[in-house]
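Enquirer: So the chains spell out like this:
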Amino acid sequence: MKKNSVETPSTHTIHKDPGARKEKTIHIVLLLAATVSLLALFLITAFVVGEGWPVMVKHGPLNLILGTDWTPSRLSFGMLPQLTGTLLVTLGALLIAVPLGVGCAIFLAELSSEKVANLLRPCISLLAAVPSVVYGFLGVIALVPLLRSTFGGSGYSLLAGSIVLAIMILPSIINISEDTLRALPIDYREASLALGSTRWQTIWRVLLPAARPGIVVSIILAMGRAIGETMAVMMVTGNRAKVTGALLDPGATMAGTIGLEWSYAADEHSSALFALGTFLFIVIMLLNGVAQLVTSRGRVSQ
Amino acid sequence: MKRFLVLLVSVLALSLGIAGCGRRSGSLTVVGSTSVQPFMEMLAEKYQSENPDIQVNVQGGGSSAGVKSAIDGIADLGMASREIKDSELAEGITPIVIARDGIAVAVHPENAVSDLTIEEIRAIFAGEITSWEAIGGVGDIVVVMREEGSGTRGAFEEIVMNKVETTKDSIVQGSTGAVMSAIAGEPNAIGYISLANANATVKLLDVNGVETTNENILNGSYAIARPFSVCTKGDATGLAKDFIDFIMGEVGQQVLADEGLVVGK
Amino acid sequence: MKKRNLAQRTAFLLIGASAVITFALFALILGYVLIKGMANINWEFLTTYPALMGREGGIFPTIIGTLVLTGVALLIAVPLGVAAAIYLSEYTKGGIGIRIIRFAIESLAGIPSIIYGLFGFAFLVTFLKLGFSVLSGAIALALMVLPIIIRTTEEAIRTVPDDYRQASLALGATRWQTTSRVVLPAALPGVVTAVMLASGRAVGETAAVWLTAGGALKLPFSLHDPTRPMTLHLYYLAAEGLSLERAYATAAVLLVLVLVVYSLAIFFRQKFGMKRR
Amino acid sequence: MMQSAKISVQDFSLYYGAFHALKKISLGFPPRSLTALVGPSGCGKSTLLRSLNRMNDLIAGVRVEGRVSLEGSNIYDPDVDVVPLRKKVGMVFQRPNPFPMSIFENIAYGPRVHGEKKRSRLQDIVEQSLKSAALWDEVKDRLDSPALKLSGGQQQRLCIARLLAVEPEVLLMDEPCSALDPIATEKVEELVMDLKKKYTIVVVTHNIAQAARISDYLAFFYLGEMIESGVTRQLLTNPTKHQTEDYLTGRFG
Numbered sequence: 001m002k003k004n005s006v007e008t009p010s011t012h013t014i015h016k017d018p019g020a021r022k023e024k025t026i027h028i029v030l031l032l033a034a035t036v037s038l039l040a041l042f043l044i045t046a047f048v049v050g051e052g053w054p055v056m057v058k059h060g061p062l063n064l065i066l067g068t069d070w071t072p073s074r075l076s077f078g079m080l081p082q083l084t085g086t087l088l089v090t091l092g093a094l095l096i097a098v099p100l101g102v103g104c105a106i107f108l109a110e111l112s113s114e115k116v117a118n119l120l121r122p123c124i125s126l127l128a129a130v131p132s133v134v135y136g137f138l139g140v141i142a143l144v145p146l147l148r149s150t151f152g153g154s155g156y157s158l159l160a161g162s163i164v165l166a167i168m169i170l171p172s173i174i175n176i177s178e179d180t181l182r183a184l185p186i187d188y189r190e191a192s193l194a195l196g197s198t199r200w201q202t203i204w205r206v207l208l209p210a211a212r213p214g215i216v217v218s219i220i221l222a223m224g225r226a227i228g229e230t231m232a233v234m235m236v237t238g239n240r241a242k243v244t245g246a247l248l249d250p251g252a253t254m255a256g257t258i259g260l261e262w263s264y265a266a267d268e269h270s271s272a273l274f275a276l277g278t279f280l281f282i283v284i285m286l287l288n289g290v291a292q293l294v295t296s297r298g299r300v301s302q
Numbered sequence: 001m002k003r004f005l006v007l008l009v010s011v012l013a014l015s016l017g018i019a020g021c022g023r024r025s026g027s028l029t030v031v032g033s034t035s036v037q038p039f040m041e042m043l044a045e046k047y048q049s050e051n052p053d054i055q056v057n058v059q060g061g062g063s064s065a066g067v068k069s070a071i072d073g074i075a076d077l078g079m080a081s082r083e084i085k086d087s088e089l090a091e092g093i094t095p096i097v098i099a100r101d102g103i104a105v106a107v108h109p110e111n112a113v114s115d116l117t118i119e120e121i122r123a124i125f126a127g128e129i130t131s132w133e134a135i136g137g138v139g140d141i142v143v144v145m146r147e148e149g150s151g152t153r154g155a156f157e158e159i160v161m162n163k164v165e166t167t168k169d170s171i172v173q174g175s176t177g178a179v180m181s182a183i184a185g186e187p188n189a190i191g192y193i194s195l196a197n198a199n200a201t202v203k204l205l206d207v208n209g210v211e212t213t214n215e216n217i218l219n220g221s222y223a224i225a226r227p228f229s230v231c232t233k234g235d236a237t238g239l240a241k242d243f244i245d246f247i248m249g250e251v252g253q254q255v256l257a258d259e260g261l262v263v264g265k
Numbered sequence: 001m002k003k004r005n006l007a008q009r010t011a012f013l014l015i016g017a018s019a020v021i022t023f024a025l026f027a028l029i030l031g032y033v034l035i036k037g038m039a040n041i042n043w044e045f046l047t048t049y050p051a052l053m054g055r056e057g058g059i060f061p062t063i064i065g066t067l068v069l070t071g072v073a074l075l076i077a078v079p080l081g082v083a084a085a086i087y088l089s090e091y092t093k094g095g096i097g098i099r100i101i102r103f104a105i106e107s108l109a110g111i112p113s114i115i116y117g118l119f120g121f122a123f124l125v126t127f128l129k130l131g132f133s134v135l136s137g138a139i140a141l142a143l144m145v146l147p148i149i150i151r152t153t154e155e156a157i158r159t160v161p162d163d164y165r166q167a168s169l170a171l172g173a174t175r176w177q178t179t180s181r182v183v184l185p186a187a188l189p190g191v192v193t194a195v196m197l198a199s200g201r202a203v204g205e206t207a208a209v210w211l212t213a214g215g216a217l218k219l220p221f222s223l224h225d226p227t228r229p230m231t232l233h234l235y236y237l238a239a240e241g242l243s244l245e246r247a248y249a250t251a252a253v254l255l256v257l258v259l260v261v262y263s264l265a266i267f268f269r270q271k272f273g274m275k276r277r
Numbered sequence: 001m002m003q004s005a006k007i008s009v010q011d012f013s014l015y016y017g018a019f020h021a022l023k024k025i026s027l028g029f030p031p032r033s034l035t036a037l038v039g040p041s042g043c044g045k046s047t048l049l050r051s052l053n054r055m056n057d058l059i060a061g062v063r064v065e066g067r068v069s070l071e072g073s074n075i076y077d078p079d080v081d082v083v084p085l086r087k088k089v090g091m092v093f094q095r096p097n098p099f100p101m102s103i104f105e106n107i108a109y110g111p112r113v114h115g116e117k118k119r120s121r122l123q124d125i126v127e128q129s130l131k132s133a134a135l136w137d138e139v140k141d142r143l144d145s146p147a148l149k150l151s152g153g154q155q156q157r158l159c160i161a162r163l164l165a166v167e168p169e170v171l172l173m174d175e176p177c178s179a180l181d182p183i184a185t186e187k188v189e190e191l192v193m194d195l196k197k198k199y200t201i202v203v204v205t206h207n208i209a210q211a212a213r214i215s216d217y218l219a220f221f222y223l224g225e226m227i228e229s230g231v232t233r234q235l236l237t238n239p240t241k242h243q244t245e246d247y248l249t250g251r252f253g
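Chains as they are written, first to last, in my numbering: chain A, 1 to 302; chain B, 1 to 265; chain C, 1 to 277; chain D, 1 to 253.
If you're looking for bench data, these hints aren't it; they were derived computationally from the structure. All values reported here derive from a predicted model rather than from experimental measurement. Where is the CB? At the ideal position from N, CA and C, for every residue including glycine. Hints may be right or wrong, so weigh each one.
Unchecked claim - Now the stretches of chain A that chain B is said to cover, found in silico as 3 or more residues with beta-carbon under 8 Å:
no., stretch
1, 120 to 133
2, 137 to 147
3, 232 to 245
4, 263 to 277
My request is simple: use the sequences and hints to build the entire structure.
Expert: Here you go:
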């Protein structure tokens with residue numbers, strides 16, 4: 001008696017048929033195309049980290065992260081101002097966008113009629129299409145003057161960055177949160193309502209907890225977007241390389257500093273920007289990892 | 001679907017093949033400082049109208065990228081709006097100053113102050129003077145600076161700051177235009193900008209009683225200016241030399257003067 | 001009972017308000033740019049060269065720059081992306097290697113455009129000596145949109161009923177014949193959606209091309225010429241304070257282009273009944 | 001029966017991972033006749049059917065033991081290419097599954113993938129196949145309209161026509177009428193009765209009445225085992241095993 005393992009059909013057939021060779025070639029071409037992404041990720045890592053390496057080695061990563069003085073002309077590359085700036089801008093953006101976005105998602109998934117939702121949903125997708133430089137442009141001509149007249153100061157501030165970013169990340173929060181809410185079985189709603197809960201209690205106590213993994217993923221992805229945004233942020237935050245805790249102060253972000261300084265940077269300064277890029281890359285990859293983990297755990301469609 | 005495969009393969013081959021092939025003859029690539037770029041484009045336009053067979057590609061990227069491109073042979077000419085560094089000279093770079101650009105200290109048009117000494121300017125940008133009240137105005141000073149590495153900033157720090165460190169308490173903008181719009185929107189702001197690009201939305205200050213004009217830069221009474229230069233790896237030859245000769249000739253220098261730059265010795 | 005109703009009313013009020021704010025923002029942003037910009041758009045603006053770095057004249061070369069960069073990027077990314085999607089959905093059942101490839105794709109999707117820019121500058125412009133050029137910019141863009149194409153195409157392929165594959169295989173068709181003649185045609189609207197989403201992203205991108213494409217205000221005549229897309233031109237117009245009217249007009253043209261492309265994507269996606277991302 | 005069989009299985013076992021889905025089945029299918037596989041859901045009859053042209057290869061984790069002989073050679077031998085095998089042993093599925101193409105393109109698909117390019121030849125094949133499937137008169141005026149616009153019964157006959165176009169020798173049918181209404185079922189049954197004069201046909205069905213109407217031979221499956229097999233009329237009137245009798249009298253399934 002013969003045992004056959006039948007996992008992939010092509011592995012145990014002898015290719016007598018002349019067409020089989022072509023099949024094999026196609027298989028290999030397709031496989032190569034699939035590995036391009038891997039190659040690209042490898043090259044990106046290698047070149048960004050590689051260019052930043054000299055500064056990393058010379059100053060030590062810890063000194064770079066904890067250093068508070070960013071003065072490239074004196075070869076001083078403390079990146080804490082950019083790290084805290086990025087953190088503040090991102091948190092500010094989430095603080096604005098998460099309640100708005102989740103609220104909007106609840107509205108579309110639970111409250112509005114299907115007709116209204118079908119009308120509004122494409123609008124959100126289109127909002128996601130607006131190029132970041134357009135947001136930056138609007139930020140400079142409309143938002144910065146508005147903040148100046150409201151809060152005083154110059155208007156160029158981390159808050160301006162947060163508001164622009166909040167608008168930019170809103171669509172993805174709304175989309176993913178709404179998809180998750182809609183994917184919940186109708187049974188949940190019926191069961192809860194049948195127990196005499198109000199619609200709001202159903203949403204608050206049953207649906208939102210059940211949708212949490214999806215909402216968390218949407219927030220993590222939005223965070224990645226916010227952390228990495230360059231043009232819009234650079235145009236409105238004032239780019240002051242000083243550690244601050246106040247949203248109304250001007251401040252610099254990692255991506256913004258790279259965008260602002262890359263064109264004039266030479267030698268070690270250039271390498272320092274790549275080192276900044278490396279830290280940015282690491283943060284993003286960690287967020288990606290967490291998002292992928294939550295996705296596979298919660299079996300959320302993203 | 002066979003076509004699809006053919007397409008795939010040919011695109012791959014194309015992208016690899018193109019990487020290897022050379023440039024057209026009769027063309028020049030000029031890369032570098034975004035401050036010099038607009039002037040270079042005008043020069044290129046003029047030059048090409050005289051020599052229709054020659055293509056001049058002018059690209060931004062910044063002074064350092066420009067010099068680096070010249071060193072690496074990516075560009076025929078590099079453009080710089082700052083002094084060439086010793087490390088770059090050591091790579092065999094030959095710079096030629098084509099013009100100078102004044103650096104003006106600018107404030108909001110409504111600011112009462114219109115004249116500062118160079119010591120006062122230094123103190124303001126060092127963060128020692130933080131209020132206009134100390135120097136005849138009202139309100140707290142908002143300092144606007146260019147980003148680290150910018151030619152304008154480099155020249156300003158070298159000429160004005162005299163090794164004194166600039167304050168961190170400033171707004172940092174990526175271009176003269178962005179500095180001007182920050183100043184134009186903020187009554188208490190002060191910043192430095194390229195004179196050639198200055199416009200009426202801001203007020204230019206006199207320094208040590210001397211008005212910021214090209215004449216005063218040329219006669220040496222206004223000292224804050226930076227060189228605009230082009231550079232080649234080794235001595236310029238062929239087309240590159242021809243183009244440089246054109247820039248340094250009568251027509252080229254006139255184009256630069258018309259655009260508000262300081263030309264001549 | 002009253003308290004519960006009050007809570008519900010307050011909550012729904014807040015939710016309604018968040019929806020109103022969001023859509024008001026949407027209308028405000030689009031309306032503002034389009035109205036301000038349309039006033040300055042005419043045929044001449046679209047078809048003439050800029051003068052004085054964009055202070056005067058039109059934006060013709062930047063429109064071409066955007067189209068060429070996007071076109072070349074798609075020419076690279078679409079065949080690669082569709083092929084990768086086919087491999088992942090039709091030719092493999094998983095395994096550690098596939099998991100790694102999927103991780104790479106998901107990661108590429110999350111990497112910010114400035115990192116693509118840095119990479120393009122270090123690898124394409126400097127290391128491969130492609131210079132600041134259409135090719136450098138397009139390759140950087142292509143890698144950036146690759147995950148969009150792969151994921152959207154894969155999703156489209158997955159919605160093709162297994163019945164079709166079985167029927168084809170049962171007729172003695174090979175896997176590639178099945179894929180190319182039955183599965184791909186059935187997934188075509190999804191592939192079109194993928195291409196549209198990718199072009200929308202490429203048209204709207206600034207940072208990645210800023211560090212790679214050079215930004216010369218000229219028509220690119222070869223893949224080695226530098227070019228400036230509309231996004232970058234808008235940045236210069238706005239940041240350098242060159243011309244506010246032209247900045248509005250450029251923003252409006254850019255917005256119209258992106259909105260048209262995305263509308264097409266949404267149209268095809270809805271027609272195809274695919275999920276949003 | 002074994003000796004004269006067109007296709008036969010010997011000591012054939014199949015596992016889905018750890019699950020033993022088919023247990024040492026031995027059975028032959030005589031040429032130019034119709035064999036029906038019956039039994040309650042999950043008894044393994046569909047699995048056996050799909051083993052006959054190795055459609056089970058598409059499922060991960062499937063492992064087989066034993067032989068399936070097509071005209072004497074084992075189709076599970078390592079040097080067998082599934083592509084020509086499936087051309088010879090074709091399959092009709094439970095749900096009609098025409099491609100989202102025109103009627104003509106559906107039929108022409110098979111010949112095309114096997115290398116036929118000439119338009120006139122394809123036209124002949126399409127006409128011939130549709131005639132053999134008793135569909136020609138109903139669709140001859142609209143060959144270019146989408147196949148998915150046909151009724152369910154027409155779609156199923158189209159799928160049979162599509163199969164005939166590749167000139168198979170064995171036809172496997174997996175509950176071909178379960179998604180059809182009675183009138184469409186009758187038409188398909190008539191067609192099958194006609195086809196069994198030329199082809200070796202294996203049909204999976206859980207409709208005993210249908211098996212009685214169309215089949216020459218019958219095999220009864222229960223829990224992955226073949227309980228008994230034989231000439232249809234004998235088996236139906238005179239089952240030897242009690243499971244068969246229970247099933248036939250409707251005690252389960």
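Enquirer: What hints, given by number in increasing order, does this structure fail?
Expert: 1
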